[in-house]
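Use these hints to put chain D onto chain E, whose structure you have.
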Amino acid sequence: MSDRPNESFLARLDRIDRRWIFLMMAIAVAGPIIWVGVTGRTFPETATPAVQGAFDAIERLPEGSKVLISFDFDPASAGELQPMATGFIHHCQLRKHRIYAMTLWAPGSPLIGATLADVIGSDPSYRYGENFVDLGYQAGNEGVMKQVGVDFPKAFPNDSKGTPLARIPMMQGITRLSDFDILISVSAGYPGGKEWVQYGVSPTLTQGHRLPFVAGSTGVQTPQMIPYYPVQMSGILGAIKGAAEYESLVNAKATAPGETVPAKYQEAQRRMAPQLFGHSLMVGLILVGNVIFFAGRRKGAAE
Amino acid sequence: MSQLNAPLHDPAVERRANRMMVVILAIACGLLALRALIGSSIGSGADAVTEHGFGMVYVQESPKGFVSEVAKDRAADGTEVEVRTWKPAAPGQTPEISWTEWNEVTAGEWAAAQRARADAPASAPLVTVSWPRTAGVWFAALMTLAVLSFLWRDNPVYKLAESVVVGVSAGYWMIVATWDTLVPKLAGALVPAWTKAHLMPSLESAGVDWWGLVPLGLGMLLLCRLSARVSWLGIFPLAFVVGTFAGLRFVQNIESDLLAQVATMFEPLVVVKHQALAGADAAATPPIDWAGSIGASLSAVLILVGVLSVLAYFFFSLEHTGAVGGAARVGIWYLMITFGASFGFTVMGRIALLAARLEFLFDDWLWLIDPSGKH
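Chains E and D supply the protein sequences, listed in that same order. In terms of my numbering, the first sequence opens at residue 1 and continues consecutively. In terms of my numbering, the second sequence opens at residue 1001 and continues consecutively.
One chain only, chain E, in its complex shape:
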């Protein structure tokens, strides 16, 4: 029962408790999660040019190429970025590239270990120090980026376990950033993809060797990164949608038609159904809000 019986429907809608909106959003997101979790179904994805560019940049490198991947995020943003990090490592493993993982975010260090263990931990052809290395965290933000540009071993004297780089076989010949074949940044903010363009990639342009660069970024950060594509960046995974598109490309390469894709490689794709219903609700609420606003303004003008 309404406390104001003469009130119009739109006026009552205008006074709606915001907690109803929260409840609707919770249902719109939770419902599809349970549906996808029970049925195992995901939506098909078609890669946009920016995501295809990221995929092609890694794909076209010859087998055994040196890939530096920076995990510049923390568990708070792992919901968006972990599927990208997993996808990049999975793709590099399929192409048999050498993986050099590092982070400029202290909480990113355990995420490197967990991702490497999750994706290539059971692959006997990938041996630590020869095919992949965890360089861990290094404090200094842009200072580290500048340093790796000119003297990589000085910025990272040890790996994450304290082993000197000189005793890690795959570090032989790595003296500076341009010795890598591609740089990948999965970033949630500062320092991240934008700073890698400024302090990592741009200096290599003036050195005459453009370092291919691919980024994965959060939804909040993506609009700032888009202007760098396609000249300063070969590709970008924008938010969870970009991650889902990239997953579908890598999974199509990794599995034969009809073969079951492991659940850990479908994390982003599973989150697209909640996106659909959550966004539909948002659009509906914006439309309703506008109707209420204009109806109220017309009523005010009439009075």
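Hints listed in this document are in silico derivations from the structure and should not be mistaken for laboratory results. Worth double-checking, as some hints may not be accurate.
Computed, partial: chain E to chain D, Cβ under 8 Å [as the list claims (entries may be wrong)]:
#, residue
1, Ile27
2, Gly31
3, Glu142
4, Pro227
5, Arg270
For glycine and all other residues, C-beta sits at the position ideal for the given N, C-alpha and C.
Structure of chain D alone, referenced to chain E:
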């Protein structure tokens, strides 16, 4: 403003919301009890058993043992040094160092180990419930719910969660700053031998680096801000930091955000794309890709119009009337579309984070879904 706040301060609405929250909490508690009572079917076929409860983590022990070998090597300066390398101990060999790792296993593997326990040899690895990790899952789930409870209203449970996050973060960052900055970069530069012997055995150092005195001095000056009498001394390190960053960023912003972006503007407005041909037709003149050409040309024109019109909007030396006014209005549209796209991306990011938390609650805690086959 008062209209915006009206629903929250309407006593009738508040009463209704409180009643509803009590009902929702009661239903949630009832569903949790029901969930625990129903339990989960673990295993398959004839081996399937029903396990009551949820949010459990199971682990299997994995003993590790290593022995060392010492070999002679030459250091960079030519001196002979001993290098100790470690390798896993062979079966029957007594390890010099050993420890036990506990690796997570699925509920099905745990159930199978329980059934086979009677016939298993004494040396079989132990599979058991990990109570610390189980407590971790429950703590994470309850903290998630505590933070989400703010959507109802500010409350003591939310305050507790907020305080825990702030306190843990402060402690975490203090430890990180100590062990990743102060010890290796300051103590490691000024007293490397002592640091390597007492604090950080893995420290790689070429000797004392007296440049370490500069950050030490600047850091001490920064602490002067704690005293009102000498707080002015703290201005110098701040000036150093601001000046250094201004110089660094000025150069890189000019290079990557101005010059490189301006360079990308010098693109042809009319783009002609050709379709890729393969096989026997590869040598022939490829036909024009009309859709791709029109799209690329349109994109180039839109970017040029966007850049010029937004610049016109931010150009305040001329009054925004006539042609300049028209261009500025187009610029406003471009800005609004950009803000809309940013808002859309932000919404996408926030929904993804919410989905990740709900997945954790439904999967790791409540065992309602099992996409990765853990339960």
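Point to revise | Hints violated by the structure (listed by number, smallest first) | key: Of the numbered hints, 1 and 2 do not hold.
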